[in-house]
Amino acid sequence: MSTPGAPAAALTRAAAADDGAGSTPAAGALDAVRLALLRDLKLAFRKRGQLVQPLAFFALVTMLFPLAVSPELSRLREIAPGVIWVAALLASLLALEFLFRDDAYDGTLEQYALSGQSLTWLVFAKTAAHWLLTGLPLALMAPLAALSLGAPSASLPGIVGSVAVGSVALSLIGSIGAALTLGMKRSGALLSLLTLPLSLPVLIFGARATQLAISGGPLLAPLELLGALAVLGVTLAPLAAAAAVRVSLE
Amino acid sequence: MLDERLEVENLHLWRGERHVLRGVHFALGRGGCLEVTGPNGSGKTSLLRTLCALIYPEEGRVLWKGENVRRELPAFHAALAYLGHEPPLKADLSARENLRYWIGIRRRVAAAELDAALERVGGSSWCDRLVRTLSAGQRRRVALAGLALLVVPLWILDEPTTNLDTEGQQLVGSLIAEQLSRGGLVIAAVHQSLPPAVRDVRRLELSP
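Taken in sequence, the protein lines are chains A and B. Letter by letter, the first sequence follows residues 0 to 249 of numbering that gives the first Met the number 0. Letter by letter, the second sequence follows residues 0 to 207 of numbering that gives the first Met the number 0.
Simulated from the structure, these hints should not be mistaken for lab results. Just so you know, even glycine gets a beta-carbon here, dropped at the ideal spot from N, CA and C. Some hints here could point you the wrong way.
Each pair of labels, with its calculated beta carbon distance range [to be verified]:
id	chain 1	residue 1	chain 2	residue 2	range
1	A	Ala242	B	Arg17	23 to 33 Å
2	B	Asp164	A	Val233	43 to 53 Å
3	A	Pro24	B	Arg29	15 to 25 Å
A few chain B residues that don't get close to chain A, going by computed Cβ distances all over 10 Å [claimed, not checked]:
id	residue
4	Glu6
5	Arg17
6	Ser41
7	Glu58
8	Gly59
9	Arg60
10	Glu66
11	His76
12	Asp91
13	Arg99
14	Gly136
15	His190
16	Ser192
17	Val200
18	Pro207
Given the sequences, and given the hints that come with them, work out the whole structure.
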């Protein structure tokens with residue numbers, strides 16, 4: 000049997016230095032966040048089906064409206080903000096169920112909670128990965144939907160901006176709902192019931208910003224409000240979600 | 000300078016209507032090994048999870064270095080490695096990637112260290128395969144490699160020899176023996192008993 004070279008050396012090192020605060024050389028909070036984020040991104044690209052689902056849903060729903068309502072561009076332009084935002088909200092919700100689910104099953108969440116690192120930061124990393132994998136792609140796909148709904152091309156930067164900022168808030172609000180429903184078998188319906196009412200402000204200001212972008216009005220005010228919601232989410236949501244995750248591990 | 004020492008005082012735990020832990024009491028110092036036995040459903044896993052501070056007991060407390068673990072949870076968890084029933088591995092990552100993320104979140108780990116640990120558990124030939132293609136015993140070995148890499152004083156293990164062949168069980172025995180000789184503490188829930196390489200084991204029997 001081979002002898003443990005490096006680990007044994009590390010073990011004695013740690014044993015010698017362990018009278019203080021745990022094992023050395025410990026990873027900093029930033030290392031932990033970076034690794035948790037990278038892990039989720041790598042996993043998502045290994046399971047591409049799950050990644051594509053919400054995006055395909057968003058594209059399909061927004062494409063259905065010209066078929067169902069009327070191909071007349073002036074009428075489509077009127078409903079475009081609402082359609083884009085409701086579709087984005089539901090698409091983001093679709094991906095939410097998987098935010099903590101797999102990690103809860105395979106014991107990863109347990110190891111996160113016992114890592115000695117801040118669970119809040121690790122939950123934040125997971126939420127950030129969720130946004131990178133759904134919110135950001137949705138924002139990048141929004142112009143496609145907007146164009147098919149008759150929006151002028153001058154409005155596209157405003158639409159991308161509003162969806163990008165608004166979806167940050169959506170991911171964060173959603174992380175609380177996803178964490179709270181962790182203990183349940185079929186949580187989809189409850190998750191929507193919990194998350195949708197909380198998402199209303201994002202929907203309202205997001206649709207307003209999109210509407211102003213299409214009509215060529217000043218959209219800074221609703222964008223700023225979306226930004227404020229996102230900042231509020233960044234500061235509070237990871238704390239709440241981490242607390243809910245801890246409860247689910249009991 | 001406080002000694003590493005785990006004390007458990009009068010632990011009572013209820014799960015729903017059942018009084019699972021009824022006044023569990025023990026203390027374990029450096030180099031101490033405790034084997035927790037009892038039939039299925041006697042609360043072995045509940046006890047281990049309570050020691051990890053994952054579950055709040057109804058009564059009693061757990062002390063690490065003389066202080067209630069609830070007061071300095073991150074510091075206690077930094078000193079603790081817990082292995083549950085299932086190895087905490089991602090099916091869609093390779094064994095090596097799993098270790099890199101799992102361990103890397105807690106401490107900086109060099110690639111050479113990872114290689115050495117994987118070789119130690121006999122995984123050199125399969126450590127780059129996705130975990131979903133590994134057998135249950137191989138997964139358990141990956142978890143053991145992670146345990147050794149965490150380099151912490153307190154190990155809490157739930158059925159560490161499950162799914163392992165004879166050689167794998169000997170590996171568990173030598174890993175635990177090394178941890179003890181280093182002054183570490185080991186608490187393990189087991190069905191039969193720990194491999195013979197581990198000596199001076201104390202036993203805590205839980206009744207159903």
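Evaluated hints:
1. Ala242/A with Arg17/B: 23 to 33 Å: Taking Cβ atoms as reference, Ala242/A and Arg17/B lie about 26 Å apart, which means the hint holds.
2. Asp164/B with Val233/A: 43 to 53 Å: 49 Å, holds
3. Pro24/A with Arg29/B: 15 to 25 Å: For Arg29/B against Pro24/A, whose Cβ atoms are near 22 Å apart, the range 15 to 25 Å holds.
4. Glu6: 18 Å, holds
5. Arg17: Check passes; 15 Å lies beyond 10 Å.
6. Ser41: 19 Å, holds
7. Glu58: Nearest chain A Cβ is 16 Å from Glu58/B, so the label holds.
8. Gly59: Since the minimum Cβ distance to chain A is about 16 Å, Gly59/B lies beyond 10 Å and the statement holds.
9. Arg60: Nearest chain A Cβ is 17 Å from Arg60/B, so the label holds.
10. Glu66: The claim holds: Glu66/B sits with its nearest Cβ about 13 Å from chain A, beyond 10 Å.
11. His76: Non-interface label fails for His76/B: nearest chain A Cβ at 4 Å, not farther than 10 Å.
12. Asp91: 4 Å, violated
13. Arg99: At about 8 Å from chain A, Arg99/B fails to clear the 10 Å cut-off, so the statement is violated.
14. Gly136: Answer for Gly136/B: holds, closest chain A Cβ roughly 17 Å.
15. His190: The claim stands: His190/B keeps its Cβ more than 10 Å from every Cβ of chain A (closest is about 20 Å).
16. Ser192: Check passes; 22 Å lies beyond 10 Å.
17. Val200: 21 Å, holds
18. Pro207: Answer for Pro207/B: holds, closest chain A Cβ roughly 22 Å.
In summary, the numbered hints that this structure violates are 11, 12 and 13.
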